[in-house]
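Asks: Kindly generate the complete structure, drawing on both the sequences and the hints.
Protein sequences, first through last, are from chains A and B. Residue numbers for the first sequence, in numbering that gives the first Met the number 0: 0 to 381. Residue numbers for the second sequence, in numbering that gives the first Met the number 0: 0 to 339.
Think of the hints as simulated: they come from the structure by calculation, not from any bench. Note that the structure is a prediction, hence the values are computed from the model and not measured. For glycine and all other residues, C-beta sits at the position ideal for the given N, C-alpha and C. Misleading hints may appear alongside valid ones.
[As the list claims (entries may be wrong)] Pulled from the structure, derived: some chain B residues nowhere near chain A, Cβ distances all over 10 angstroms: (1) VAL54; (2) ASP58; (3) SER324.
[Stated by the list, open to error] Derived lysine-lysine pairs resembling DSBU-like cross-links, with alpha carbons at most 30 angstroms apart: (4) LYS102(A) x LYS118(B); (5) LYS333(A) x LYS102(A); (6) LYS139(B) x LYS108(A); (7) LYS108(A) x LYS118(B); (8) LYS333(A) x LYS106(A); (9) LYS118(B) x LYS281(B); (10) LYS106(A) x LYS6(B); (11) LYS106(A) x LYS266(A); (12) LYS125(A) x LYS139(B); (13) LYS307(A) x LYS297(A); (14) LYS137(B) x LYS125(A); (15) LYS118(B) x LYS137(B); (16) LYS133(B) x LYS108(A); (17) LYS139(B) x LYS106(A); (18) LYS56(A) x LYS333(A).
[As the list claims (entries may be wrong)] The following label-pair restraints were derived from C-beta to C-beta distances: (19) ALA122(B) x GLU347(A): 34 to 42 angstroms; (20) GLU310(B) x GLY53(A): 49 to 57 angstroms; (21) ASP84(A) x ARG52(B): 56 to 64 angstroms; (22) ASP132(A) x ALA195(B): 38 to 46 angstroms; (23) GLY138(B) x SER193(A): 57 to 65 angstroms; (24) SER63(B) x GLU347(A): 21 to 29 angstroms.
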Amino acid sequence: MKYVEEFRRSDLARVLADAIAREADTGCQYNLMEFCGGHTHAIFRYGVQDLMPGNVKFIHGPGCPVCVLPIPRIDNAIALAREPDVILCSYGDMLRVPASGRKSLLKVKAEGADIRMVYSTQDALKIARDNPDRQVVFFAIGFETTTPPTAVAILQAKAGKLNNFSVFCNHVLTPAAIQNILESPEVREMDRVSIDGFFGPSHVSSIIGTQPYEFFAEEFQKPVVIAGFEPLDVMQSALMLIRQLNEGRHEVENEYTRVVSREGNVKAQMLVAQVLELQRSFEWRGLGMVPYSALQIKQAYAEFDAEKRFAIPVSQATDVKGCECPRILRGVKKPTDCKLFGTICTPENPMGSCMVSSEGACAAYWTYGRFREKTALEETAA
Amino acid sequence: MRLDVRKGRVDMTHGSGGRAMAQLIEEIFINCFDNELLRQANDQAAFPVRSGRMVMSTDGHVISPLFFPGGDIGSLSVHGTINDVAMSGARPLYLSAAFILEEGFPLADLERIVVSMAKAANAAGVPVVTGDTKVVEKGKADGVFITTTGVGRVPEGINISGDRAAAGDAILVSGTVGDHGVAIMSSRENLEFETAIQSDSAALHTLVADMLAAGADIHCLRDPTRGGLATTLNELAQQSGVGMRLREVDIPVLPAVADACELLGLDPLYVANEGKLICICKAADADRLLQVMQAHPLGRQAAIIGEVTAEEPGFVQMDTGFGGSRVVDWLVGEQLPRIC
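Replies: Below, the structure is given as structure tokens:
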């Protein structure tokens, strides 16, 4: 596979591993947060941590679109799916996320709700065209990567007078979330977690560019390296972060130059701006209410807003007791610090959202890295 | 009047036990499967047995779509059960087939499927000797479901079982993994993409016979169908109470399958196969067995992919091609593409 295999070469990995070992100051600890679940997945799938010296640690961030959605929003989606005549279209990962009352979209589907797994917004539009007498709701989730396709779908629905189509919008923004993590008390005041630098997301940055990260690199004096999703990208970016830290720099650097520019995909940004606007505040799982961190559908397109078309009952649900997803999402705790991890919470029976998606930190730990660290319970027992 | 196979459809009378059913059985099933035992037209097939161990296995087939690159539900239902029987080391002897048909299913499609089954059974030398047909109302099934059962006889002195893997044993796979699953996905509605990948659906009993004839000490055989190589190895690790260590670089994957998986966010280790087997044997016999497998048309790309260990029993670990290591876990739910 051209342009993929090149970034998975083990000989180059060894060269980079040697360079990192040589340049990482043995008297220092380097805690590097990969914001994005795509990086978490790559680190575990390729065993990248094995190639790092002991003082270079990956801290898994909240960049998993499935993980950050709070339970009330999933309850809302379930309520939508139960509306008569509604077909709810969702990306696959969302189906297994636990909602309140031990429900999930998958369970509600088994009870008879018409929920379809789609691969793109275009699939949802097709379902709407094929079922003119049904209401088709697209459950839109994701960071900036999945946002432009949602905007395009709404524009297409408007142009095609597809009046039975609407969007339940849950699109969230990366820079706002990173800033929130850096402002969280655990990071800022109590200094309980030290995050020394960030791997910036690859796909998200292909849309928004590197420019939006410049503010907090400066404000919080933390280096950011935009990193591709292949394992060599991760290692090269780790080296770039280590060099910045060694030299006392805190800049936004771009390792993923083959895709990402400073400006990003301006056309996609324009499409999003045409249809969507900033929401004053949005609840994130793990981060709570984060100002200006999500998008909503503009008034001009309100007819395609599922939250305006349907009366959705309010949900006050909270996380399962003992579930550490909120702290894990902030990088304050590791999956193995959670007492539910691997005991009652497994990928087959997830209690928290981080155990659902392959990009979730708990699922990645469980699937690929169980032997690396003992679970909290084993340690307690020992 | 003969059945209108060209334009006709299955209706409720085809399952009612009357003349219409008799006609369907005669003109499609007996006509295609034609063999002496079936022609006796009893509710069961009677055949003599020799002494020794018999094995029996059954498999329900509900695949969608019914026709896919490299096969269809008919040939698959023959290969699947022959393979389940053969994985004990047995020589498969006879098959039964039960059809659940949905009202409205085109007779032309049914005939095409039954012809394909008969062809697969003939090629394998394992006849379908008894069967059953039921029809359910429209909407209560998905076209056609086929359940096949097979019986076979294990040669003297063969003891193959999922609980026999022992530390030090070698792990072999008979060829490239993931072909079937990717071929199916490429032809599924809403996920169509163009690819030349064909399902690997095939009957493996002659490969198994060659492997047994080589006199190697084979401990386990299993075909990695749903859940793929990874899930099947986890089953064996758990059943035998052993650990396993794989080498990613040695696991054969067709470039086109790797590409498709990359595109869909899938891992070929978890994608289904229908014409591959995993073999766990004494390490000293592995090279000889590999040569025998590679000499068979269905084992050309066979490879030794790892070994059984005493560490971390019940778990499969892998040295990644990148130079790290990771756990290769059971498949959870269905493999889904990543979304962001």
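Asks: Are the hints correct? Go through all of them and say.
Replies: To see whether the hints hold, each was checked on the structure:
1. VAL54: Correct as stated: the minimum Cβ-Cβ distance to chain A is 31 angstroms, above 10 angstroms.
2. ASP58: holds (24 angstroms)
3. SER324: violated (5 angstroms)
4. LYS102(A) x LYS118(B): violated (47 angstroms)
5. LYS333(A) x LYS102(A): holds (26 angstroms)
6. LYS139(B) x LYS108(A): Holds - the C-alpha atoms of LYS108(A) and LYS139(B) are around 17 angstroms apart, at most 30 angstroms.
7. LYS108(A) x LYS118(B): This hinted pair is violated, its Cα atoms lying about 39 angstroms apart.
8. LYS333(A) x LYS106(A): holds (29 angstroms)
9. LYS118(B) x LYS281(B): violated (36 angstroms)
10. LYS106(A) x LYS6(B): Not OK: LYS106(A) and LYS6(B) at ~40 angstroms, beyond 30 angstroms, violated.
11. LYS106(A) x LYS266(A): violated (39 angstroms)
12. LYS125(A) x LYS139(B): With a Cα-Cα distance of about 25 angstroms, the restraint between LYS125(A) and LYS139(B) holds, given a limit of 30 angstroms.
13. LYS307(A) x LYS297(A): holds (11 angstroms)
14. LYS137(B) x LYS125(A): Satisfied, since the Cα-Cα distance of roughly 25 angstroms is no more than 30 angstroms.
15. LYS118(B) x LYS137(B): Between LYS118(B) and LYS137(B) the Cα gap is close to 29 angstroms, so the pair holds against 30 angstroms.
16. LYS133(B) x LYS108(A): The given pair, whose Cα atoms are some 28 angstroms apart, holds under the 30 angstroms limit.
17. LYS139(B) x LYS106(A): OK: LYS139(B) and LYS106(A) at ~20 angstroms, within 30 angstroms.
18. LYS56(A) x LYS333(A): It holds: about 12 angstroms lies between the C-alpha atoms, which stays within 30 angstroms.
19. ALA122(B) x GLU347(A): 34 to 42 angstroms: holds (39 angstroms)
20. GLU310(B) x GLY53(A): 49 to 57 angstroms: This hint is violated: roughly 22 angstroms between Cβ atoms.
21. ASP84(A) x ARG52(B): 56 to 64 angstroms: holds (58 angstroms)
22. ASP132(A) x ALA195(B): 38 to 46 angstroms: holds (40 angstroms)
23. GLY138(B) x SER193(A): 57 to 65 angstroms: Taking Cβ atoms as reference, GLY138(B) and SER193(A) lie about 60 angstroms apart, which means the hint holds.
24. SER63(B) x GLU347(A): 21 to 29 angstroms: holds (24 angstroms)
Checked against the numbered hints given earlier, the structure breaks hints 3, 4, 7, 9, 10, 11 and 20 and satisfies all the rest.
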